[in-house]
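Go by the hints and put chain G onto chain F.
There are 2 protein chains.
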Amino acid sequence: MKRILTGDTPTGKLHLGHFVGTLENRAKLQNEYEIFILFADTHALTTLSSSPKLIADYTREVLLDNLSVGLDPKNVTFFAESAIPQIYEIAAIFSMYVSHNRALRNPTIKDEIISKGLGDQFSLGFINYPIYQAADILCVKGQLVPVGKDQEAHLEQTREIAREINKLTGFDIFPEPQALIGRVGKLVGTDGNPKMGKSLNNTIYLSDSKEEVEKKVMNMYTDPNRIHPTDPGKVEGNPVFIYLDNFSPGKDKDKIEEYKDKYRKGQVGDVEVKKFLVDVLNEFLGPIRERRETYKNKPDLLASILEEGNSKVRKISTETLEELKQKLGFAF
Amino acid sequence: MKRILTGDTPTGKLHLGHFVGTLENRAKLQNEYEIFILFADTHALTTLSSSPKLIADYTREVLLDNLSVGLDPKNVTFFAESAIPQIYEIAAIFSMYVSHNRALRNPTIKDEIISKGLGDQFSLGFINYPIYQAADILCVKGQLVPVGKDQEAHLEQTREIAREINKLTGFDIFPEPQALIGRVGKLVGTDGNPKMGKSLNNTIYLSDSKEEVEKKVMNMYTDPNRIHPTDPGKVEGNPVFIYLDNFSPGKDKDKIEEYKDKYRKGQVGDVEVKKFLVDVLNEFLGPIRERRETYKNKPDLLASILEEGNSKVRKISTETLEELKQKLGFAF
Numbered sequence: 001m002k003r004i005l006t007g008d009t010p011t012g013k014l015h016l017g018h019f020v021g022t023l024e025n026r027a028k029l030q031n032e033y034e035i036f037i038l039f040a041d042t043h044a045l046t047t048l049s050s051s052p053k054l055i056a057d058y059t060r061e062v063l064l065d066n067l068s069v070g071l072d073p074k075n076v077t078f079f080a081e082s083a084i085p086q087i088y089e090i091a092a093i094f095s096m097y098v099s100h101n102r103a104l105r106n107p108t109i110k111d112e113i114i115s116k117g118l119g120d121q122f123s124l125g126f127i128n129y130p131i132y133q134a135a136d137i138l139c140v141k142g143q144l145v146p147v148g149k150d151q152e153a154h155l156e157q158t159r160e161i162a163r164e165i166n167k168l169t170g171f172d173i174f175p176e177p178q179a180l181i182g183r184v185g186k187l188v189g190t191d192g193n194p195k196m197g198k199s200l201n202n203t204i205y206l207s208d209s210k211e212e213v214e215k216k217v218m219n220m221y222t223d224p225n226r227i228h229p230t231d232p233g234k235v236e237g238n239p240v241f242i243y244l245d246n247f248s249p250g251k252d253k254d255k256i257e258e259y260k261d262k263y264r265k266g267q268v269g270d271v272e273v274k275k276f277l278v279d280v281l282n283e284f285l286g287p288i289r290e291r292r293e294t295y296k297n298k299p300d301l302l303a304s305i306l307e308e309g310n311s312k313v314r315k316i317s318t319e320t321l322e323e324l325k326q327k328l329g330f331a332f
Numbered sequence: 001m002k003r004i005l006t007g008d009t010p011t012g013k014l015h016l017g018h019f020v021g022t023l024e025n026r027a028k029l030q031n032e033y034e035i036f037i038l039f040a041d042t043h044a045l046t047t048l049s050s051s052p053k054l055i056a057d058y059t060r061e062v063l064l065d066n067l068s069v070g071l072d073p074k075n076v077t078f079f080a081e082s083a084i085p086q087i088y089e090i091a092a093i094f095s096m097y098v099s100h101n102r103a104l105r106n107p108t109i110k111d112e113i114i115s116k117g118l119g120d121q122f123s124l125g126f127i128n129y130p131i132y133q134a135a136d137i138l139c140v141k142g143q144l145v146p147v148g149k150d151q152e153a154h155l156e157q158t159r160e161i162a163r164e165i166n167k168l169t170g171f172d173i174f175p176e177p178q179a180l181i182g183r184v185g186k187l188v189g190t191d192g193n194p195k196m197g198k199s200l201n202n203t204i205y206l207s208d209s210k211e212e213v214e215k216k217v218m219n220m221y222t223d224p225n226r227i228h229p230t231d232p233g234k235v236e237g238n239p240v241f242i243y244l245d246n247f248s249p250g251k252d253k254d255k256i257e258e259y260k261d262k263y264r265k266g267q268v269g270d271v272e273v274k275k276f277l278v279d280v281l282n283e284f285l286g287p288i289r290e291r292r293e294t295y296k297n298k299p300d301l302l303a304s305i306l307e308e309g310n311s312k313v314r315k316i317s318t319e320t321l322e323e324l325k326q327k328l329g330f331a332f
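Heads up: the sequence lines are chains F and G, in that order. So for the first sequence, my numbering puts the first residue at 1; every next one is plus one. So for the second sequence, my numbering puts the first residue at 1; every next one is plus one.
The shape of chain F in the complex, shown without the other chains (with noise of 0.2 Å):
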């Protein structure tokens, strides 16, 4: 059985976008793969330093949120990088055969520093993120890794470190991972902006109440140029109906053909159709919502599932790291 490394950097609670991005992959691949997830909490403090406190409260909601959309614990290894000090001589032994310029052309450091617009200003902990990265893999030797299709760059460096420490021991001590390209796909916002994220205000969280939803899809983005009911309307690119495909279920296929119609012909009112959206979510979030309320009242057992998880790759963690040492050979 093949091992896939994944993970979250807990820097907020997870959405319906993350759960059309991996959440579903996730869950579907658990009975084929041995799975470990990380949770990249010291990593979140690249952008948290100076309020560390929610990225323990972060850690906690997107345990929950795995764990509600059906990740079994039995199937899925949890951890949190912050528990295993193994990771971090890794990457330190790593940063030793990877250049400064190189680290500077990683395609998730260039990306990030265009779009947040960090300049010249930003931490040594982000320009490590390739070590970092190559080590949270590595130290479980993970053979797959899922990604999007335009993001099979972002493991070309983790590639590099296998094969350059492999090459200079003579011994295959790490996998070079590969890309797992899924339907990665992308979720509109409630606001019509492309990309859901909690820094644009526009995100249902999986752990939304039903009152919530009710207010976040009552209060979404339609089609900008119908101004009343009897308007023609868009439903490309509408939200609503872009949530209505992604999350309704088999049986409300027919319904959903229907206010098709209607809302191209201008015979059915945005009100009326949101409504029938927040039924349909609140459906679809019903068995997440119970099974987060499961472990959400179990807080030994919660702790107890990462602890677990922590222990298990701390054990092969240092396993691998004894290796790596000993094939280097450079301690005494």
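No false leads were slipped in.
Pairwise CB distance ranges (calculated):
{"hint": "1", "chain 1": "F", "residue 1": "Gln121", "chain 2": "G", "residue 2": "Lys2", "range": "33 to 41 Å"}
{"hint": "2", "chain 1": "G", "residue 1": "Glu319", "chain 2": "F", "residue 2": "Glu323", "range": "24 to 32 Å"}
{"hint": "3", "chain 1": "G", "residue 1": "Glu236", "chain 2": "F", "residue 2": "Gly170", "range": "51 to 59 Å"}
{"hint": "4", "chain 1": "F", "residue 1": "Gly148", "chain 2": "G", "residue 2": "Lys298", "range": "57 to 65 Å"}
{"hint": "5", "chain 1": "G", "residue 1": "Gly119", "chain 2": "F", "residue 2": "Asp111", "range": "20 to 28 Å"}
{"hint": "6", "chain 1": "F", "residue 1": "Glu290", "chain 2": "G", "residue 2": "Lys53", "range": "52 to 60 Å"}
{"hint": "7", "chain 1": "F", "residue 1": "Lys312", "chain 2": "G", "residue 2": "Gly185", "range": "50 to 58 Å"}
{"hint": "8", "chain 1": "F", "residue 1": "Lys2", "chain 2": "G", "residue 2": "Lys195", "range": "53 to 61 Å"}
{"hint": "9", "chain 1": "G", "residue 1": "Glu236", "chain 2": "F", "residue 2": "Arg102", "range": "46 to 54 Å"}
Rather than coming from a laboratory, the hints here were simulated on the basis of the structure. Built from N, CA and C at the ideal position, the CB exists for glycine as well.
For chain G alone, kept in the frame of chain F given last:
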């Protein structure tokens, strides 16, 4: 009893220059302070990444060097950086509070970029030196670091990190380590170069045999303008006399003054003075060689000295890391 952190990067065996520069001082300090001596073996990879096995040998030699000058494992805690994963996690956390630009302004980084002509060709490990140095010192909450007068600025980065973390958390987690400015002597090389260094091939090692010392001394640079033993010679800046002044016991003082006088007057040849220096150095190295032999022939003792120190520092560092994580509060 205040805690001192000092150490060596094991990229070569220690020589007479190290004795004058640091080892002599360490031997004096061991009774007044709690001393931790770090062997920065992972850091040594910044220069020896392609031949890592050399570092293990050098670590062994450097440990022997420290023991041979009379540092007593009962007083001193020896430890290897690579044996303490917690150092690297502490460093990773620090990396979130140090800007990339600030690291590039670190005096050690700046000096090495210039002195080694690195330009922009260096590893991530190299640029991370400031955070690893801070973690090396602060993992044991070192209060004092012996440095030369011109190196005081090298500690500023560590103090900045300590200060920022203390301020952010509202707790005095870390001391702000102070420089213990001592006489950090410099020793001219056997070739007359102001600095003794492995790469300059002008060293006398603490581990050199009597025969090696004799060979090196007989080839030493003296006064280049002096052709015949009857020519008046220069004593000032003459390595032979500098070594005599540094390594002869008090009882030879008169004899050295006599030789200086004769040398100036052209009444004694280089060979005679050099032979005298051979005797002086071998007398100086006598007890050092004896101690070295004791430890060298007990490989288990040597291993257990380091492992005992590693254990002790691992325990302290684990406590430091836990305290840091708990006070920052980012780990769930």
